[in-house]
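*Asks:* One-letter residues, chain by chain:
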Amino acid sequence: MEAAATGSKKLNAKPAKLGRDVQARLGQQLRAMYDEVVNQGVPERFSELINRLDGNGKKDGR
Amino acid sequence: MPIDESVRKAVLGAVPSLRAFAISLCGNVDRADDLVQETLLRALANIDSFQPGTNMSAWLFTILRNHFRSEYRKRRREVEDSDGHHAESLKSQPDQYGHVEFREFREALAQLPADQREALILVGASGFSYEEAAGICGCAVGTIKSRVNRARTRLAELLHVNSAEDFGPDETTRAVLASGGE
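First to last, the sequence lines map onto chains A and B.
Number 14 in the numbering used here belongs to position 14 of the first sequence; there are no gaps in the numbering.
Number 98 in the numbering used here belongs to position 98 of the second sequence; there are no gaps in the numbering.
Errors might be hidden in some of the hints.
Estimated spans, in silico, between C-beta atoms of each pair [stated by the list, open to error]:
{"#": "1", "chain 1": "A", "residue 1": "Gly19", "chain 2": "B", "residue 2": "Pro2", "range": "52 to 58 Å"}
{"#": "2", "chain 1": "A", "residue 1": "Arg45", "chain 2": "B", "residue 2": "Leu158", "range": "19 to 25 Å"}
{"#": "3", "chain 1": "B", "residue 1": "Asp115", "chain 2": "A", "residue 2": "Arg45", "range": "14 to 20 Å"}
{"#": "4", "chain 1": "A", "residue 1": "Asp21", "chain 2": "B", "residue 2": "Thr143", "range": "23 to 29 Å"}
{"#": "5", "chain 1": "B", "residue 1": "Asn66", "chain 2": "A", "residue 2": "Arg45", "range": "20 to 26 Å"}
{"#": "6", "chain 1": "A", "residue 1": "Ala24", "chain 2": "B", "residue 2": "Ser70", "range": "33 to 39 Å"}
{"#": "7", "chain 1": "B", "residue 1": "Lys145", "chain 2": "A", "residue 2": "Glu44", "range": "36 to 42 Å"}
Just a few of them, taken from the derived set where beta-carbon distance is under 7 Å, the chain B residues facing chain A [what the hints assert, rightly or not]:
{"#": "8", "residue": "Met1"}
{"#": "9", "residue": "Ile3"}
{"#": "10", "residue": "Pro16"}
{"#": "11", "residue": "Ile23"}
{"#": "12", "residue": "Phe105"}
{"#": "13", "residue": "Ala108"}
{"#": "14", "residue": "Gly124"}
{"#": "15", "residue": "Arg152"}
{"#": "16", "residue": "Ala156"}
{"#": "17", "residue": "Leu158"}
{"#": "18", "residue": "Val161"}
Keep in mind that the hints were calculated from the coordinates and are not lab data.
For glycine and all other residues, C-beta sits at the position ideal for the given N, C-alpha and C.
Using the sequences provided together with the hints, build the complete structure.
*Replies:* And the structure:
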């Protein structure tokens, strides 16, 4: 509920409200970047680590 | 140390998102994977302190976040400008992130204060509620909300966006955004 009059340049001032469209696009870009890594799945290094810790040496089929 | 099947599933299921979080935090894939590995080792060594029925993913994120913070403080003492260092390491290894179209965004993200960056990622990308993010960061819900707001405002400034039309100067970003939407 900010009076929209003043600019968003002052970093230490309370942040001015971003438009919904800008927030939405920032959010999309953030998720796209994040999901690029998520979509790489589980690297072998980690499934092997879990197997090793599990101690029974069984291969994880997945 | 046999691992319960449900624990194993939950832990492995959280790995992709833990990696994405770690990379966003530290800006370096190798270091991020080391962070994830250390997190898994700690988690499984302390699995008894996990309360069944609670959110395994949030528990693992908390361990990773705390470990990163203590490492970060250590490195801060070792390396003079750790924030500048973070931004610089991004610039020198752009291809570590795969697609170059996120580089500008990553560089902007890297310039945010660590508090704001982690809050924004947890809420905006990892999909945690403000309450869960507050639990992970060990702070009040209101603090998380204000950090997320500040992070968004700062990002918009760094990327010079005032309206949605200012986004995606390059076609690839547009394409990614268009296909990744909804």
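*Asks:* If a hint holds in the structure, say so; if it doesn't, say that too.
*Replies:* Against the structure, the hints come out as follows:
1. At about 53 Å, the beta-carbon gap between glycine 19(A) and proline 2(B) stays in the expected band of 52 to 58 Å.
2. Taking 19 to 25 Å as the suggested C-beta distance range, the pair arginine 45(A) and leucine 158(B) does not conform, at roughly 33 Å.
3. Our hint of 14 to 20 Å for aspartate 115(B) and arginine 45(A) is violated, since their Cβ atoms are close to 30 Å apart.
4. At roughly 27 Å, the beta-carbon separation of aspartate 21(A) and threonine 143(B) lies within the given 23 to 29 Å, and the hint holds.
5. Hint check: asparagine 66(B) to arginine 45(A), Cβ distance near 22 Å, so the stated range 20 to 26 Å holds.
6. A beta carbon spacing of about 35 Å between alanine 24(A) and serine 70(B) agrees with the range 33 to 39 Å that was offered as a hint.
7. Between lysine 145(B) and glutamate 44(A) the CB atoms are about 39 Å apart, so this pair conforms to the stated range of 36 to 42 Å.
8. A cut of 7 Å between beta carbons decides the hint on methionine 1(B): the least distance to chain A is about 5 Å, and the hint holds.
9. For isoleucine 3(B), the interface hint holds, since its Cβ comes within 7 Å of a Cβ in chain A; the closest pair sits about 5 Å apart.
10. Against a cut-off of 7 Å between C-beta atoms, the interface hint on proline 16(B) holds, since the closest Cβ of chain A lies about 4 Å away.
11. Interface hint at isoleucine 23(B): satisfied, since its Cβ lies 6 Å from the closest Cβ of chain A, which is below the 7 Å cut-off.
12. Evaluation of the phenylalanine 105(B) hint against chain A yields a held restraint, the C-beta minimum of about 5 Å falling below 7 Å.
13. Interface hint status for alanine 108(B): violated, as the beta-carbon distance to the closest one in chain A is roughly 10 Å, over 7 Å.
14. The beta carbon of glycine 124(B) is positioned within 7 Å of a beta carbon in chain A (closest approach about 5 Å), and the interface hint is therefore held.
15. Hint status for arginine 152(B) relative to chain A: holds, with the closest Cβ pair at about 6 Å, below 7 Å.
16. A distance limit of 7 Å between C-beta atoms decides the matter here; for alanine 156(B) the minimum to chain A is near 6 Å, and the interface restraint holds.
17. Hint status for leucine 158(B): violated, given a least beta-carbon distance of 11 Å to chain A, over 7 Å.
18. With a least beta-carbon distance of about 6 Å to chain A, the hint placing valine 161(B) at the interface is held under the 7 Å criterion.
The earlier numbered hints that this structure contradicts are 2, 3, 13, 17.
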